[in-house]
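S.K.: Chains C and U supply the protein sequences, listed in that same order. With the numbering used here, the residue at position 108 of the first sequence is 108, and numbering never jumps. With the numbering used here, the residue at position 78 of the second sequence is 78, and numbering never jumps.
Among the clues, some could well be false.
Said to hold, decoys possible - Sample of chain U residues facing chain C (criterion: CB under 7 Å; computed from the structure):
(1) ASN17
(2) ILE21
(3) SER48
(4) VAL50
(5) GLY72
(6) TYR73
(7) ALA75
(8) ARG110
Hints listed in this document are in silico derivations from the structure and should not be mistaken for laboratory results. Glycine included, every Cβ here is placed at the ideal spot set by N, Cα and C.
For reference, the chains in residue letters:
2 protein chains.
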Amino acid sequence: MKSVGRHMILELWQCENLNSIDIVERALRDIVRACDLTLLDLRVYPFSPVGVTGVAVVSESHVMVHTWPELGYAAVDIFTCGEERNPADAVPLLREYFTPGRIQVMEMTRGIIDD
Amino acid sequence: MKSVGRHMILELWQCENLNSIDIVERALRDIVRACDLTLLDLRVYPFSPVGVTGVAVVSESHVMVHTWPELGYAAVDIFTCGEERNPADAVPLLREYFTPGRIQVMEMTRGIIDD
Numbered sequence: 001m002k003s004v005g006r007h008m009i010l011e012l013w014q015c016e017n018l019n020s021i022d023i024v025e026r027a028l029r030d031i032v033r034a035c036d037l038t039l040l041d042l043r044v045y046p047f048s049p050v051g052v053t054g055v056a057v058v059s060e061s062h063v064m065v066h067t068w069p070e071l072g073y074a075a076v077d078i079f080t081c082g083e084e085r086n087p088a089d090a091v092p093l094l095r096e097y098f099t100p101g102r103i104q105v106m107e108m109t110r111g112i113i114d115d
Numbered sequence: 001m002k003s004v005g006r007h008m009i010l011e012l013w014q015c016e017n018l019n020s021i022d023i024v025e026r027a028l029r030d031i032v033r034a035c036d037l038t039l040l041d042l043r044v045y046p047f048s049p050v051g052v053t054g055v056a057v058v059s060e061s062h063v064m065v066h067t068w069p070e071l072g073y074a075a076v077d078i079f080t081c082g083e084e085r086n087p088a089d090a091v092p093l094l095r096e097y098f099t100p101g102r103i104q105v106m107e108m109t110r111g112i113i114d115d
């Protein structure tokens with residue numbers, strides 16, 4: 001069956017660098033490049049007292065990062081459309097930037113077309 | 001077990017108004033209000049030839065809409081943290097704005113804390 005896109009959902013634990021807006025922005029830029037996505041907009045929002053949200057809006061959908069430094073946890077979503085795109089290409093970069101001790105990865109197929 | 005948030009994933013089919021940046025923006029604003037979220041930023045991006053992406057960044061995470069008017073399909077994600085928030089409060093508004101003939105709803109618990 002055809003589908004619209006792939007939505008990778010990642011849970012990162014025991015992470016570092018979760019309160020750095022610079023690292024979150026660099027991670028998003030590198031993920032966009034590694035997944036061969038077309039960047040439309042990239043914004044990073046710091047939270048008080050800690051935490052960062054970063055979003056890259058791309059032609060192929062989005063990449064989103066929310067961090068909870070106090071828990072060592074980051075929620076990451078990578079939604080790509082186009083069959084030649086593979087959100088799994090982001091995983092080595094997430095390991096590099098946030099050095100998670102544990103990653104859980106799920107992938108959902110979005111927009112399954114029942115012909 | 002405690003967790004960080006609730007991530008509702010919705011697949012909307014047989015929709016109307018999917019190419020309207022105005023409707024997508026109004027839907028996002030009303031969802032933010034209905035779910036008692038704190039809006040930090042709201043942006044809507046039109047695509048060529050058709051399609052809209054809308055994102056509301058909120059203190060409690062995000063609301064994201066991607067539309068494919070040519071398929072009558074919209075992918076919606078509502079990620080909320082804080083136990084008093086209920087992303088299901090968005091569903092009546094999605095029905096009102098996009099009049100889907102069919103909705104599939106899933107909910108994932110994000111950031112489950114294994115004490």
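S.K.: Take the hints in turn and mark each one as holding or not.
M.R.: Hints versus structure:
With a cut of 7 Å, the hint placing ASN17 (chain U) at the interface with chain C is violated, because the nearest CB-to-CB distance is about 17 Å. Interface restraint check for ILE21 (chain U): the shortest CB-CB distance to chain C comes to about 14 Å, outside 7 Å, so the restraint is violated. About 10 Å separates the beta-carbon of SER48 (chain U) from the nearest beta-carbon of chain C, more than 7 Å, and the hint is not met. Because the closest C-beta pair between VAL50 (chain U) and chain C is about 13 Å apart, greater than 7 Å, the hint is violated.
Interface hint at GLY72 (chain U): violated, since its Cβ lies 10 Å from the closest Cβ of chain C, which is beyond the 7 Å cut-off. Because the beta carbon of TYR73 (chain U) sits about 5 Å from the nearest beta carbon in chain C, less than 7 Å, this interface hint is met. Hint status for ALA75 (chain U): holds, given a least beta-carbon distance of 5 Å to chain C, under 7 Å. Evaluation of the ARG110 (chain U) hint against chain C yields a held restraint, the C-beta minimum of about 5 Å falling below 7 Å.
Hint violations for this structure: numbers 1, 2, 3, 4, 5, all remaining hints satisfied.
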